[in-house]
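Heads up: the protein sequence lines correspond to chains A and B, in order.
Numbering-wise (the numbering used here), the first sequence opens with residue 1 and increments by one.
Numbering-wise (the numbering used here), the second sequence opens with residue 184 and increments by one.
Warning: the hint list may mix true and false statements.
[Said to hold, decoys possible] Computed Cβ-Cβ distance ranges for the label pairs, DEER-style:
#1 B:R192 - A:V64: 20 to 26 angstroms
#2 A:C61 - B:F197: 17 to 23 angstroms
#3 A:A144 - B:V266: 55 to 61 angstroms
#4 B:P264 - A:A17: 42 to 48 angstroms
[As the list claims (entries may be wrong)] Just a sample of chain B residues kept apart from chain A, beta carbon distances all over 12 angstroms, derived:
#5 G248
#6 G251
#7 K265
#8 A267
#9 V270
It should be emphasised that the hints constitute simulated quantities derived from the structure, not laboratory data.
Model, not experiment: these values are computed from the prediction.
Idealized CB from N, CA, C, for every residue including glycine.
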Amino acid sequence: MPARRPAVLAGAVLAGAAVSLGLGVYGRLHDPTGGRLFSLFFTRTISLKTWFATVALAFACFQVLSALRLYGKVHVPRRMPRWLGDAHKLSGILAFVVSLPVAYHCLWALGFERHADQTRRFVHSLLGCFFYGAFTVKVVFVRARGLPRWALPVAGGTVFATLVAIWYTSAFWFFRTQGFPSF
Amino acid sequence: MPVLKRVVRVAELFALVCVVAFVVLLFAHEPTRPAASFGPYGGGDPGPAIYRQLCASCHGARGEGGVGPRLGGGAVVHNYPKVADQVRVVTEGRGSMPAWRGTLTPAQIRAVVNFERTRLG
Numbered sequence: 001m002p003a004r005r006p007a008v009l010a011g012a013v014l015a016g017a018a019v020s021l022g023l024g025v026y027g028r029l030h031d032p033t034g035g036r037l038f039s040l041f042f043t044r045t046i047s048l049k050t051w052f053a054t055v056a057l058a059f060a061c062f063q064v065l066s067a068l069r070l071y072g073k074v075h076v077p078r079r080m081p082r083w084l085g086d087a088h089k090l091s092g093i094l095a096f097v098v099s100l101p102v103a104y105h106c107l108w109a110l111g112f113e114r115h116a117d118q119t120r121r122f123v124h125s126l127l128g129c130f131f132y133g134a135f136t137v138k139v140v141f142v143r144a145r146g147l148p149r150w151a152l153p154v155a156g157g158t159v160f161a162t163l164v165a166i167w168y169t170s171a172f173w174f175f176r177t178q179g180f181p182s183f
Numbered sequence: 184m185p186v187l188k189r190v191v192r193v194a195e196l197f198a199l200v201c202v203v204a205f206v207v208l209l210f211a212h213e214p215t216r217p218a219a220s221f222g223p224y225g226g227g228d229p230g231p232a233i234y235r236q237l238c239a240s241c242h243g244a245r246g247e248g249g250v251g252p253r254l255g256g257g258a259v260v261h262n263y264p265k266v267a268d269q270v271r272v273v274t275e276g277r278g279s280m281p282a283w284r285g286t287l288t289p290a291q292i293r294a295v296v297n298f299e300r301t302r303l304g
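So that you can see chain B by itself, here it is in the shape it has in the complex (with noise of 0.2 angstroms):
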């Protein structure tokens, strides 16, 4: 079966630069930090859209969960009572959570929390 073991030469070649992408890209995919495309808080509430770039992908898009914690349904406000546990956790990560500090303004972080305490779910 000839042309299977061509097709087994070309998927070790293919899964040699898929190491090799994997690698590089390790180190040299840094995303882009997005503070700035939030605008200055002048453009209203930046809460759901810094939500739907920054937090959805491990908390979902409605806030029910995935990689991260569920935090729609009022479970956020269940687990942090107090809001400054909250945007502690926000700012300075924990876990596999980043820390935001730095990325996100205080502000922001602010806007942030509020949309998921209030808003989300």
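Isolated chain A (complex conformation) (with noise of 0.2 angstroms):
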């Protein structure tokens, strides 16, 4: 199986740059529409995108805070509840439904800021891009066996980093500026 490491390790990287690359290929391509999505109850489609990228970072905060339980680096709860792997695993795919429509309004209606002077829009295209590259790698690992033990929490530690970085280049943003709670 040792030999299988570094085939495994490099075909989730390439997968996850594959992914990363093809959003932002169709960022860059892909003529913006400037479209409204839906908004459900929110007033704007822009108010609907900044809850739902708030709603994405409070299920990547307790997956983290399980992950800690899960692997034993903290010991709160003493005793670990026999939920916690389900509702760890549940909350990252929460996480992950919640941020696509997100990323949806992004992609299609905004594109891939190209400009390098519009700083804030600059490096969250490229943050959105790479965090569903790096969650690719995340979801190969987690399925993988025989990896090395950093593996797993070097990719979800990277996964949570970058949606951290993304929510901060947009709904913290929006929440400063547009004025909190704003709906």
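Join these two chains into a complex; the hints should help.
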């Protein structure tokens, strides 16, 4: 099994790179529509995006905390609940699903910000594409067997850190400039 | 906790369906070209309607800003003292601002620019 490790690692990273690159190329080549999506019970699509991104971040925070408990890095609660592993998985899936409409509107309506002088939007575009690549890598690592012990925490940490940065350059910016709470 | 395991399974399947829908919609969901719906200028000033339909999602219903910069309260006149500069940006796009040439006629672009400069905010 150890002989497969480099291949699995490389394959996962290549798959992630392909996802990130694909999204970036789409965002760059697709003519932004500037259109609106559904807004559910929010007043505007951007409010929906802001809150969906915030909910995704909340799920991701739970992911990190539950992972720390599952791996025995923290001991709160002292006795690990039997449902924690499933709740950990579920929170990750929900964070991902909630992020999709946000990413869809970003790519479809706004595209990839190609001008580096628009720093916030440029960084946000890069991070957004990187996030789904990192997420792909993490999913492969979760399913793969016999990987180094550092692989999954590094992938998970990268996904979480990227999501925080994405939220900071979008939802946090929105709350700061448009007001909080803004529905 | 078999119930939660089942919920996770369902959620995984749902996520997979969402990913497929995400990719398909990216390529399949092109907006309807709205130019015709604004009419050929005969029915009064189309500026407000164009703004509501095409610009408000990014710049805010009252031009207060959002994804796109603030336009209301004189901000757009301050940033673009010359009308021609604003018309150029609306026509050709800039950064994540889409180019509206092809979607709006030059007259419609002038109408929405005029609305933003005079009546917004």
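Verification of the supplied hints:
For the pair B:R192 and A:V64, the beta carbons lie near 23 angstroms from each other, so the given range of 20 to 26 angstroms is met. For the hinted restraint 17 to 23 angstroms between A:C61 and B:F197, the CB-CB distance of approximately 22 angstroms keeps it satisfied. One distance hint, 55 to 61 angstroms for the beta-carbon pair A:A144 and B:V266, holds here, with the actual separation near 59 angstroms. For the pair B:P264 and A:A17, the beta carbons lie near 45 angstroms from each other, so the given range of 42 to 48 angstroms is met.
Interface exclusion of B:G248 from chain A breaks down, the closest Cβ pair being 7 angstroms apart, not more than 12 angstroms. Some Cβ of chain A comes within 12 angstroms of the Cβ of B:G251; the nearest lies about 9 angstroms off, and the non-interface call is violated. Every beta carbon of chain A lies more than 12 angstroms from that of B:K265, the smallest distance being close to 21 angstroms; the non-interface claim holds. Annotated as non-interface, B:A267 keeps its C-beta farther than 12 angstroms from every C-beta of chain A; the closest such distance is 21 angstroms.
No Cβ of chain A approaches the Cβ of B:V270 within 12 angstroms, the least distance being about 17 angstroms, so the stated non-interface status holds.
Checked against the numbered hints above, the structure breaks hints 5 and 6 and satisfies the rest.
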